[in-house]
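Chain order of the listed sequences is A and B.
Count along the first sequence from 1, add 238, and you get the number used in the working numbering.
Count along the second sequence from 1, add 238, and you get the number used in the working numbering.
Hints in this document: simulated from the structure, not taken from any laboratory.
Keep in mind that a hint or two might mislead.
[To be verified] Cut-off 30 Å, straight-line C-alpha distance, at most; resulting in silico cross-link-like pairs (BS3-like, lysine-lysine): (1) A/LYS478 / A/LYS495; (2) A/LYS430 / A/LYS495; (3) A/LYS446 / A/LYS430; (4) B/LYS282 / A/LYS325; (5) A/LYS282 / B/LYS446; (6) B/LYS325 / A/LYS282; (7) A/LYS562 / A/LYS547; (8) B/LYS446 / B/LYS282; (9) A/LYS457 / A/LYS495.
There are 2 protein chains.
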Amino acid sequence: MLIVKKFGGSSVADAERINNVADRCIEDYSKGNKVVVVLSAMGKTTDALLNRAQTIHPNPPRRELDMLLATGEQTSVALMAMAMARKGVPAISLNAWQVAMHTTSNYGNARFKRIDSERILNELDSGRIVIVTGFQGVNRRDDLTTLGRGGSDTTAVALAAALRADACEIYTDVEGIYTADPRIVPHAKKMKEITYDEMLELATLGAKVLHNRSVELAKKYGVTLVVRSSLNRQEGTIVKEETDVESMLVSGVAVDKNAARIAVLGVKNEPGIAFRIFDLLARHNINVDVILQSIGRDDTKDISFTVDKSQAREAVEALRENQKRLTISEVKEEENIAKLSVVGAGMQTHAGVAAKMFEALYDVGVNIRMIATSEIRITVLIGLEDVDMAMRAVHDKFIDA
Amino acid sequence: MLIVKKFGGSSVADAERINNVADRCIEDYSKGNKVVVVLSAMGKTTDALLNRAQTIHPNPPRRELDMLLATGEQTSVALMAMAMARKGVPAISLNAWQVAMHTTSNYGNARFKRIDSERILNELDSGRIVIVTGFQGVNRRDDLTTLGRGGSDTTAVALAAALRADACEIYTDVEGIYTADPRIVPHAKKMKEITYDEMLELATLGAKVLHNRSVELAKKYGVTLVVRSSLNRQEGTIVKEETDVESMLVSGVAVDKNAARIAVLGVKNEPGIAFRIFDLLARHNINVDVILQSIGRDDTKDISFTVDKSQAREAVEALRENQKRLTISEVKEEENIAKLSVVGAGMQTHAGVAAKMFEALYDVGVNIRMIATSEIRITVLIGLEDVDMAMRAVHDKFIDA
Numbered sequence: 239m240l241i242v243k244k245f246g247g248s249s250v251a252d253a254e255r256i257n258n259v260a261d262r263c264i265e266d267y268s269k270g271n272k273v274v275v276v277l278s279a280m281g282k283t284t285d286a287l288l289n290r291a292q293t294i295h296p297n298p299p300r301r302e303l304d305m306l307l308a309t310g311e312q313t314s315v316a317l318m319a320m321a322m323a324r325k326g327v328p329a330i331s332l333n334a335w336q337v338a339m340h341t342t343s344n345y346g347n348a349r350f351k352r353i354d355s356e357r358i359l360n361e362l363d364s365g366r367i368v369i370v371t372g373f374q375g376v377n378r379r380d381d382l383t384t385l386g387r388g389g390s391d392t393t394a395v396a397l398a399a400a401l402r403a404d405a406c407e408i409y410t411d412v413e414g415i416y417t418a419d420p421r422i423v424p425h426a427k428k429m430k431e432i433t434y435d436e437m438l439e440l441a442t443l444g445a446k447v448l449h450n451r452s453v454e455l456a457k458k459y460g461v462t463l464v465v466r467s468s469l470n471r472q473e474g475t476i477v478k479e480e481t482d483v484e485s486m487l488v489s490g491v492a493v494d495k496n497a498a499r500i501a502v503l504g505v506k507n508e509p510g511i512a513f514r515i516f517d518l519l520a521r522h523n524i525n526v527d528v529i530l531q532s533i534g535r536d537d538t539k540d541i542s543f544t545v546d547k548s549q550a551r552e553a554v555e556a557l558r559e560n561q562k563r564l565t566i567s568e569v570k571e572e573e574n575i576a577k578l579s580v581v582g583a584g585m586q587t588h589a590g591v592a593a594k595m596f597e598a599l600y601d602v603g604v605n606i607r608m609i610a611t612s613e614i615r616i617t618v619l620i621g622l623e624d625v626d627m628a629m630r631a632v633h634d635k636f637i638d639a
Numbered sequence: 239m240l241i242v243k244k245f246g247g248s249s250v251a252d253a254e255r256i257n258n259v260a261d262r263c264i265e266d267y268s269k270g271n272k273v274v275v276v277l278s279a280m281g282k283t284t285d286a287l288l289n290r291a292q293t294i295h296p297n298p299p300r301r302e303l304d305m306l307l308a309t310g311e312q313t314s315v316a317l318m319a320m321a322m323a324r325k326g327v328p329a330i331s332l333n334a335w336q337v338a339m340h341t342t343s344n345y346g347n348a349r350f351k352r353i354d355s356e357r358i359l360n361e362l363d364s365g366r367i368v369i370v371t372g373f374q375g376v377n378r379r380d381d382l383t384t385l386g387r388g389g390s391d392t393t394a395v396a397l398a399a400a401l402r403a404d405a406c407e408i409y410t411d412v413e414g415i416y417t418a419d420p421r422i423v424p425h426a427k428k429m430k431e432i433t434y435d436e437m438l439e440l441a442t443l444g445a446k447v448l449h450n451r452s453v454e455l456a457k458k459y460g461v462t463l464v465v466r467s468s469l470n471r472q473e474g475t476i477v478k479e480e481t482d483v484e485s486m487l488v489s490g491v492a493v494d495k496n497a498a499r500i501a502v503l504g505v506k507n508e509p510g511i512a513f514r515i516f517d518l519l520a521r522h523n524i525n526v527d528v529i530l531q532s533i534g535r536d537d538t539k540d541i542s543f544t545v546d547k548s549q550a551r552e553a554v555e556a557l558r559e560n561q562k563r564l565t566i567s568e569v570k571e572e573e574n575i576a577k578l579s580v581v582g583a584g585m586q587t588h589a590g591v592a593a594k595m596f597e598a599l600y601d602v603g604v605n606i607r608m609i610a611t612s613e614i615r616i617t618v619l620i621g622l623e624d625v626d627m628a629m630r631a632v633h634d635k636f637i638d639a
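One chain only, chain A, in its complex shape:
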């Protein structure tokens, strides 16, 4: 078997944990498997490097920032190779350009274009464990790039696809994917399996276990993922195209507390206005979610939507600057809101999920402000103060406690 194993920053935060990870990898290697290990930077290294850059430049050039950040994973992989050598196992560390992992040019948010598997396969054939820097790549100018937060998951999946690995294991500090955040819903259950689509919805909606892009990539190349803990031996959650058990009506409940709602009131009810509003926001790189349009008074309409809290101010300013041109009478912003979503592949074939969700919210007296749905997801916008209670109520309505 060829196994790709990815460990995040907290799993390699110090010498003891590095040795622990080395042991786990050597275990698979000793059974005759070929093992590729993908590592993030140690502990809070990336944040420390970002802070260091800040002392020099408040808004450093992205190319140079990537050059700086790339040292983090290189440190991890070199130390890991030393730890394995100390345990008598031949291992070699490779950084992104040595592999080579080719990406697009956009620093800080690059995407993989092509991965050479030759060097890794050669090293594996020589009987070595191969340890690869996560999170980074190299563009066509031979410059270092990074993939953005959580990019090491994406590296692992991309490598698993390129190497046609038999397994891709994502080690993290939780035991798998839960039906809801266990810190809010104590009796949330760990899922045995989940589909790519469900995982994508959950990841988009605030479940932080897997990086969204890594799931997209896994789906695209059919890479089966296992999410499990680096701290114990519990079985994790398998992420794949179709789950073996009959799809649950609802497989998970997710919450996103980083949303802000923007309301654009009194817009002229004529064709093209909505397009011009969202085109303006797109040109500011503002991601818009959960759009609701309603007829206002006097042949005008009101449009509401949510954006990430960090982008709310920029969105409001852009809209106000263009208020006249866009025939807007008023722009309102509300920050004390949250998105609560239920996700489940079973929704496609079962009716009544929405009604059941609304019932759960009604039972605990939570007011719904907006609703949006996809084939396998229902999202409601509710007050931030209600969200934990609402999550528990909805979770218990669908999932056996």
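Given chain A, put chain B in place with the hints provided.
Coordinates of chain B only, in the frame set by chain A:
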């Protein structure tokens, strides 16, 4: 003008010093020069990385150690590029493989084989200051290598040669090359100029300002070096093939306190024995210096030589293991010794230098244990306890106080 400027670790130890170095480079750039900057790792970074490796492996694989150490200079160059960007100057950082700086394969002590100048010249032509990682290279396997301590000087000289630079400036924490260590000889003088050969002798003999290999390389390619302080604007010392002034009888006095003397007594007086002794040491990679051979009693001979203190134990053990084969009756070791040398291109045409040196030592009652000479150098072995006094006496005998 194309100028290569090299700054050591203490010159880029923190944000303030990085900004200071950036200003000095921008000054040259603003006058219309093309500027290439070579940097070491910040402050004590390399030592910190070595210690970190030690927590994982007491004797880490050299390849992985180089992979780890290479992050040090990469951090420096990225931060320097940010500092220059902050000051509105276009700059780009490049690591060794981006340049590319090809070296031999021996990790930890690699030597340059070939340097591509294309990328650097392109970036210079685009109007950028180019900032290059010192101390490191890439071998034919695409693995990172390091050049050994002081290797950033060598990087600067190699780049200056490859780019046919008009100047190569080595910035350090002293103002130049002195006639003796100013900490021991307070009235030591800064030299205006010194020849490569003199510098080589001084560097070999313990003067720590320039890395020996960088001087060899400068001599080989005729790169004129300027050694000066990064902390002030004082003129430094120029290192070149021939000095413009008439050669001084003695240009500098150097001390090496890291020597040990080994005496091999009672060796059979027959051909090939000396060869076998030094061949044995060579195979242990032990560098031997200042060899003295004398006739002992009974048709035997005694051979004495000095080695670096750190290699003394290994040398003694190797000799004792082969004592019988090498017909040695006794191996003795003495550590409380030091080498004191005078260096000067003028010695080639002036007689009496040795006599003058011995007179100076006689004046202060210092006993000479061994003597060795080259065309431009006289070295004596004396007691460690006498060395500071002896250095002052010899310095003042040759150089105007």
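Each hint, compared with the structure:
Between A/LYS478 and A/LYS495, the direct Cα distance comes to roughly 27 Å. Compliance with the 30 Å bound is thereby established for this hinted pair. Proposed proximity of A/LYS430 and A/LYS495 is supported: the alpha carbons are some 26 Å apart, at most 30 Å. Under the criterion of a C-alpha separation no larger than 30 Å, the hint pairing A/LYS446 with A/LYS430 is consistent with the structure, at around 18 Å. For the given pair, B/LYS282 sits about 29 Å from A/LYS325 by alpha-carbon distance, which is consistent with the 30 Å threshold.
A distance of roughly 37 Å separates the Cα atoms of A/LYS282 and B/LYS446; the hinted pair therefore is violated under the 30 Å criterion. The hinted pair formed by B/LYS325 and A/LYS282 meets the criterion: a straight-line CA distance of about 29 Å does not exceed 30 Å. A distance of roughly 25 Å separates the Cα atoms of A/LYS562 and A/LYS547; the hinted pair therefore holds under the 30 Å criterion. A threshold of 30 Å between alpha carbons decides the hint, and for B/LYS446 with B/LYS282 the separation of about 17 Å falls inside it, so the pair holds.
Of the supplied pair hints, the one linking A/LYS457 and A/LYS495 holds, its CA atoms being roughly 27 Å apart against a limit of 30 Å.
Checked against the numbered hints given earlier, this structure breaks only hint 5.
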